[in-house]
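Novice: In the order they appear, the protein sequences are chains A and B.
Counted the way UniProt numbering counts, the first sequence spans residues 1 to 277.
Counted the way UniProt numbering counts, the second sequence spans residues 1 to 296.
If you're looking for bench data, these hints aren't it; they were derived computationally from the structure.
Listed next, the in silico SDA-like pairs over lysine to any residue satisfying Cα-Cα at most 20 Å (straight line):
1) 39(A) <-> 56(A)
2) 39(A) <-> 130(B)
3) 187(B) <-> 96(B)
4) 7(B) <-> 101(A)
5) 13(B) <-> 97(A)
6) 163(A) <-> 185(A)
7) 167(A) <-> 15(B)
8) 14(A) <-> 101(B)
9) 39(A) <-> 131(B)
10) 99(A) <-> 187(A)
11) 48(B) <-> 131(A)
12) 13(B) <-> 174(A)
13) 128(A) <-> 38(B)
14) 99(A) <-> 192(A)
15) 223(A) <-> 68(A)
16) 128(A) <-> 42(B)
17) 148(B) <-> 43(A)
18) 13(B) <-> 170(A)
19) 14(A) <-> 103(B)
20) 193(A) <-> 165(A)
Okay, the calculated bits of chain A under chain B, using three or more residues with CB under 8 Å as the criterion:
21) 18-25
22) 36-47
23) 102-115
24) 140-152
25) 204-218
Where a beta carbon is used, it is the ideal one built from N, C-alpha and C, also for glycine.
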Amino acid sequence: MLTRVSPLGGYIGKLLLWCSCILFIYPILLVFLSSVKTKSELALRPFGFPEHWTTESFAKALRTMNYGRSLLNTSLIAFVSVACVVIMASMAAYAISRKNNRLYNGVYLLFIAGMIVPFQMAMIPLYKVLTALDLINTYQGVIFIYLGSLTPFSVFVLSGFVKGVPKELEEAASIDGSGVYSTFFRIVLPLLKPAMTTIIVLNLFTVWNDFLMPMLYLSDSKKATITVKLSAFQGMYFNDWSLIFAGVCLIVTPMLIVYLFAQRYIISGITAGAIKG
Amino acid sequence: MERKRRKLKAELKWASFLVPALMFYLAFYLLPTLSSGYYSLTDWDGVKSRFIGLDNYREMLNDRMIVASFRNTLLYTVGITVLQNGIGLLAALLLVRKFRGVNAMRTMIFMPYIFSTLLIGYVWGFILEPNIGIVNNVLDALHLGELKQGWLSEPSLARWMIVLVTVWQCLGYSMVIFIAGLQGIPKDLYECGDLDGAIGWRRFWNITFPLIAPAFTINVILCLIGDLQLFNQIFALTGGGPGYSTESIATMIYHLGFGNGVRWGYGSALSVTLFVSILALTTVMVTFLRRREVEL
Numbered sequence: 001m002l003t004r005v006s007p008l009g010g011y012i013g014k015l016l017l018w019c020s021c022i023l024f025i026y027p028i029l030l031v032f033l034s035s036v037k038t039k040s041e042l043a044l045r046p047f048g049f050p051e052h053w054t055t056e057s058f059a060k061a062l063r064t065m066n067y068g069r070s071l072l073n074t075s076l077i078a079f080v081s082v083a084c085v086v087i088m089a090s091m092a093a094y095a096i097s098r099k100n101n102r103l104y105n106g107v108y109l110l111f112i113a114g115m116i117v118p119f120q121m122a123m124i125p126l127y128k129v130l131t132a133l134d135l136i137n138t139y140q141g142v143i144f145i146y147l148g149s150l151t152p153f154s155v156f157v158l159s160g161f162v163k164g165v166p167k168e169l170e171e172a173a174s175i176d177g178s179g180v181y182s183t184f185f186r187i188v189l190p191l192l193k194p195a196m197t198t199i200i201v202l203n204l205f206t207v208w209n210d211f212l213m214p215m216l217y218l219s220d221s222k223k224a225t226i227t228v229k230l231s232a233f234q235g236m237y238f239n240d241w242s243l244i245f246a247g248v249c250l251i252v253t254p255m256l257i258v259y260l261f262a263q264r265y266i267i268s269g270i271t272a273g274a275i276k277g
Numbered sequence: 001m002e003r004k005r006r007k008l009k010a011e012l013k014w015a016s017f018l019v020p021a022l023m024f025y026l027a028f029y030l031l032p033t034l035s036s037g038y039y040s041l042t043d044w045d046g047v048k049s050r051f052i053g054l055d056n057y058r059e060m061l062n063d064r065m066i067v068a069s070f071r072n073t074l075l076y077t078v079g080i081t082v083l084q085n086g087i088g089l090l091a092a093l094l095l096v097r098k099f100r101g102v103n104a105m106r107t108m109i110f111m112p113y114i115f116s117t118l119l120i121g122y123v124w125g126f127i128l129e130p131n132i133g134i135v136n137n138v139l140d141a142l143h144l145g146e147l148k149q150g151w152l153s154e155p156s157l158a159r160w161m162i163v164l165v166t167v168w169q170c171l172g173y174s175m176v177i178f179i180a181g182l183q184g185i186p187k188d189l190y191e192c193g194d195l196d197g198a199i200g201w202r203r204f205w206n207i208t209f210p211l212i213a214p215a216f217t218i219n220v221i222l223c224l225i226g227d228l229q230l231f232n233q234i235f236a237l238t239g240g241g242p243g244y245s246t247e248s249i250a251t252m253i254y255h256l257g258f259g260n261g262v263r264w265g266y267g268s269a270l271s272v273t274l275f276v277s278i279l280a281l282t283t284v285m286v287t288f289l290r291r292r293e294v295e296l
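Can you build the whole structure from these sequences, using the hints too?
Specialist: Dropping the structure here:
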């Protein structure tokens, strides 16, 4: 890429690169290290390794967040909405890219338009819609909103991907007498697996990390999600940083594991949607 | 007749693929959004609403808080877009090469993107905290105590902290797209360039940069769309304060609708204005950026 450099320059360059990369994960390391410090140690020595490891803050965070229940709430909402979105968006993306006429392209544009609509614009009217349908403070209400709001991006990435899937297999299947539906579910869907994995993972992050939507429409404390529980810390336990960070760890860890396993798919999916779309 | 019916049936089957996604998208996203257009012409406060024409829009022009939020949003959008794409491109150029550890580096740079902005807000709130925060402590240790600041309480600094934290979080995303763009450049073009003496900067400007134009377009557009709606980072870092000095349009809409007052009609007018600005800006930018893309 760049012009050749001397070996020494290369080493210094690599060292600098590593240092700048540390900048990106240091805050995350900081969270994990701070969460096992005692409150007083954290105040005295905010950075560096802890002297006395303690799980005190974790125990308190588990209790205050009602972790078992709120984790279950988040998981329920996340899994149901992510699973439904990926199937619905795959179906739509398939029809759009195979039909490819004016009507279907119009529908595609309609979906894509959702990407430039700010959520804040839907925020107030959605409150009214949910109240009118008696869905406020229900899991379904929040899930339905995710189904609507995650669709644009999912359709965008998936239809870019479907265009790259060869039509021959489907044609062969239809000659063998396979109907539109069974062709889709038995032949096309398995071929879409890589793109679907990307969409599943990215949407999972979005829902898992979201706090605005559940905070507005799911305020019942029994149904509250983990992020909503954590955001309540700020007012109640102001300055109890080790407690806050223990809470942060409890939210971050599951997604960190997903990221490390699914990394390959995330990156390929982002680029597929961006470059082909 | 029979053939016509069969054809119609097939068409209906295809259309049925669109129905589930379209249904939820229209009912729980697009139509509520569009209804903002109507609400923006009323003084709806959650209970009663009266048609008041363009009064909300007129009021906005003279509302100092709203004008400030527009100015802030402009600063955020320009600052983040320029820095994120500049540094992201630099990172991509360095990390597109193959060497030991390059994958680990990419993983590390992308990692902040996967965390909730709420969490990022806590962590950076701690790092930038004036008394026990790391930044001020490091400055103390370096005997640069006079540079210590209330990073999030001084309005002009707080705005730049929001810019920096957002860039820090989203850099990996831009980088990944740039890397894919760079990988798509055929090697022989560089060889030709070598023969013509295009090396260093000239190689970058004349070969690399024009050829990653599609990646550049999508990155800039995604930044624009995202940053004009910037909400989470502000909500988590400053909550719009001190006062309303770091408020963006999006946080303003939130505060109007769910904050101290329930001015839903006024909030809707602001959100319509935001949407129109995003639409206009992205259309202009897409046209402008597409024009400089070259076909391979």
